[in-house]
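Number of protein chains: 2
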Amino acid sequence: MKKFINKVDDMLAESLAGFAAAHADLVSLHLDPNYLTRKLKAHNKVAIISGGGSGHEPLHAGYIGYGMLDAACPGHVFTSPSPDQMLAAAQAVQADKGILFIVKNYAGDVMNFEMAAEMLPFENAKVLVTDDCAVINSTYTTGRRGVAGTVIVEKCVGSLAETGASLQACKALGDKVNARTASIGAALTSCTVPAAGRPTFDLSENDIEMGVGIHGEPGRRRITLRSADELVEEMVEAILSDFNLRSINSQTEALLLINGFGGTPLMELYLIYNIAAKLFKSKDVNIVRSLVGNYVTALDMAGASITLCMLDDEIKQHWDAPVHTAGLRWGL
Amino acid sequence: MKKFINKVDDMLAESLAGFAAAHADLVSLHLDPNYLTRKLKAHNKVAIISGGGSGHEPLHAGYIGYGMLDAACPGHVFTSPSPDQMLAAAQAVQADKGILFIVKNYAGDVMNFEMAAEMLPFENAKVLVTDDCAVINSTYTTGRRGVAGTVIVEKCVGSLAETGASLQACKALGDKVNARTASIGAALTSCTVPAAGRPTFDLSENDIEMGVGIHGEPGRRRITLRSADELVEEMVEAILSDFNLRSINSQTEALLLINGFGGTPLMELYLIYNIAAKLFKSKDVNIVRSLVGNYVTALDMAGASITLCMLDDEIKQHWDAPVHTAGLRWGL
Chain A
6 MKKFINKVDD MLAESLAGFA AAHADLVSLH LDPNYLTRKL KAHNKVAIIS
56 GGGSGHEPLH AGYIGYGMLD AACPGHVFTS PSPDQMLAAA QAVQADKGIL
106 FIVKNYAGDV MNFEMAAEML PFENAKVLVT DDCAVINSTY TTGRRGVAGT
156 VIVEKCVGSL AETGASLQAC KALGDKVNAR TASIGAALTS CTVPAAGRPT
206 FDLSENDIEM GVGIHGEPGR RRITLRSADE LVEEMVEAIL SDFNLRSINS
256 QTEALLLING FGGTPLMELY LIYNIAAKLF KSKDVNIVRS LVGNYVTALD
306 MAGASITLCM LDDEIKQHWD APVHTAGLRW GL
Chain B
6 MKKFINKVDD MLAESLAGFA AAHADLVSLH LDPNYLTRKL KAHNKVAIIS
56 GGGSGHEPLH AGYIGYGMLD AACPGHVFTS PSPDQMLAAA QAVQADKGIL
106 FIVKNYAGDV MNFEMAAEML PFENAKVLVT DDCAVINSTY TTGRRGVAGT
156 VIVEKCVGSL AETGASLQAC KALGDKVNAR TASIGAALTS CTVPAAGRPT
206 FDLSENDIEM GVGIHGEPGR RRITLRSADE LVEEMVEAIL SDFNLRSINS
256 QTEALLLING FGGTPLMELY LIYNIAAKLF KSKDVNIVRS LVGNYVTALD
306 MAGASITLCM LDDEIKQHWD APVHTAGLRW GL
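Protein chains in written order, with my numbering: chain A, 6 to 337; chain B, 6 to 337.
Do not take every clue at face value.
Which copy? The list can't say, so a pair holds if one copy fits it or any two copies do.
[As the list claims (entries may be wrong)] SDA-like mimics (lysine to any residue), calculated; alpha carbons at most 20 Å apart, straight line:
| id | residue 1 | residue 2 |
| --- | --- | --- |
| 1 | LYS7 | THR205 |
| 2 | LYS44 | TRP335 |
| 3 | LYS7 | PRO204 |
| 4 | LYS286 | ALA26 |
| 5 | LYS7 | PHE206 |
These are computed hints drawn from the structure, not numbers from a lab.
Given these sequences and hints, build the entire structure.
Structural data, given as structure tokens:
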């Protein structure tokens with residue numbers, strides 16, 4: 006295992022310390038239990054909290070700041086944070102309008118966020134992100150997995166919360182964005198979890214895992230290496246079929262996110278964008294917003310995912326609104 | 006070779022098309038000769054042009070926009086752009102105050118930019134970036150290589166140019182930033198150039214190339230795999246020694262850039278930041294600005310570089326100024 010690392014057990018704490026030091030203007034780090042909050046506590050708004058296993062950076066701590074999250078709870082690599090982290094984060098950032106948890110649909114995350122929610126003395130609600138259309142049920146999931154679409158949910162809900170909107174309104178927007186978003190990923194290599202020290206799964210030099218999860222969970226099928234045109238066509242078809250199955254009209258304006266898993270260079274991500282945008286346009290999807298880069302990663306996995314979010318005026322307005330976080334920033 | 010790619014010969018054109026489509030609000034792409042410009046032509050300012058081989062994305066096209074570059078000339082992967090690209094770009098963006106070329110110090114780039122400069126009917130000047138303190142002279146270089154410090158030069162000069170400053174003033178600032186910046190990289194793996202189809206150099210599972218170049222050029226020495234603490238300490242020492250050799254006082258405010266080479270996840274880059282920032286502080290370097298991410302890459306190489314720029318009031322002011330590009334954005 007070749008990584009910039011000291012002791013495996015210290016990796017998360019050292020990385021969090023580096024993140025907090027590099028972005029000391031934006032975030033504060035609290036240890037034991039581990040959570041990060043905005044540097045300046047917000048007031049009179051719904052507090053938006055997310056979290057999950059580490060290894061998906063910049064998700065979630067990289068999205069703390071004005072216009073997005075109030076706090077994030079990082080678990081160990083690919084491991085759910087514990088209820089005490091979520092409770093402590095909620096106590097720290099609650100701002101008189103309740104707490105909204107944004108939770109990717111993995112069994113451990115859901116269970117622990119629900120335990121925290123039950124113990125919490127404040128009004129709270131949850132948005133469950135389930136954008137991955139690759140498979141139903143998976144290694145760690147009942148139902149669909151939550152993947153790169155999480156960034157879009159966090160961005161839009163975070164924007165609405167800044168306006169002083171109610172907990173119910175924030176939850177409704179999050180649920181709507183999730184319902185209008187579909188993603189699928191493909192892996193060229195496995196990732197290597199530091200504590201395991203070897204690749205999570207075996208993938209030969211000629212194979213690709215189509216529909217892979219962001220922890221290396223199995224996808225739809227293993228296929229032989231093929232051209233980017235063919236790979237992206239299968240991914241775009243999967244997304245469009247998913248919208249059809251869910252009776253969501255895709256003849257509308259859309260946001261296209263090409264997300265790298267951590268080991269794939271930007272040059273390839275833009276090549277994927279080029280193919281995907283043309284294919285979507287040929288199906289009357291009007292791409293009016295774009296995001297290309299490493300936003301929801303899987304450690305060092307070489308691979309990428311395609312996410313399409315069907316916009317409406319409300320979603321577009323909140324996507325465009327100013328945001329100031331380590332991972333996403335515009336208008337400020 | 007596992008990449009998201011169709012034909013090797015088409016990779017650059019397809020990737021550029023994707024970049025231009027994803028950022029159609031910011032840039033225009035011109036083909037044959039290949040160059041990219043701002044969407045909205047600037048007026049009455051020094052036009053800032055950079056370029057170089059592709060494979061270092063987001064450098065350079067990702068830094069086109071308000072507060073940074075007016076145009077960029079992408080060569081093929083790890084190959085210099087040609088003088089006709091630079092001439093055409095200069096004709097397209099010249100804005101009555103001359104042209105400043107920002108050139109990383111590689112023999113081919115320097116030769117071709119100089120040929121273009123001689124043929125150009127406008128006043129022009131050049132800033133040569135030579136921030137890599139790993140080696141003097143290298144595979145493609147006489148003198149020091151230009152690496153991640155290029156982003157800092159482009160950002161500061163770009164900001165000054167927006168104020169209507171003269172060509173001489175812009176060149177002077179670029180030269181000053183370069184003189185106050187030092188970088189060194191380390192590779193955990195080679196990169197794979199698409200046209201070659203195999204790794205550029207061999208590196209065993211237990212070896213690290215200390216001082217590697219951004220095209221996989223040899224570094225100072227090959228060392229065995231060791232802890233991040235030990236690796237980063239060697240890199241920080243190299244940078245501090247370089248400032249001592251150049252008689253630059255490092256007891257001052259500084260910008261610390263931890264740059265990923267394309268295949269290294271953010272979690273590791275923040276771990277490196279944590280170590281480097283502490284070491285610099287122990288040597289009385291006061292880190293007041295930070296940047297962590299993939300800014301000057303080497304295709305899919307796993308590895309990272311550390312860059313330190315000694316700030317003064319002028320450099321800090323221009324670093325902080327608003328910028329709106331695909332790769333760097335704040336204040337707008």
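Evaluated hints:
1. LYS7 - THR205: Cα proximity of LYS7 and THR205: in one copy and across copies (14 Å, 18 Å).
2. LYS44 - TRP335: both (18 Å within a copy, 18 Å between copies)
3. LYS7 - PRO204: both (11 Å within a copy, 16 Å between copies)
4. LYS286 - ALA26: between (43 Å within a copy, 12 Å between copies)
5. LYS7 - PHE206: both (17 Å within a copy, 16 Å between copies)
Hint check: no violations occur; every hint is consistent with the structure.
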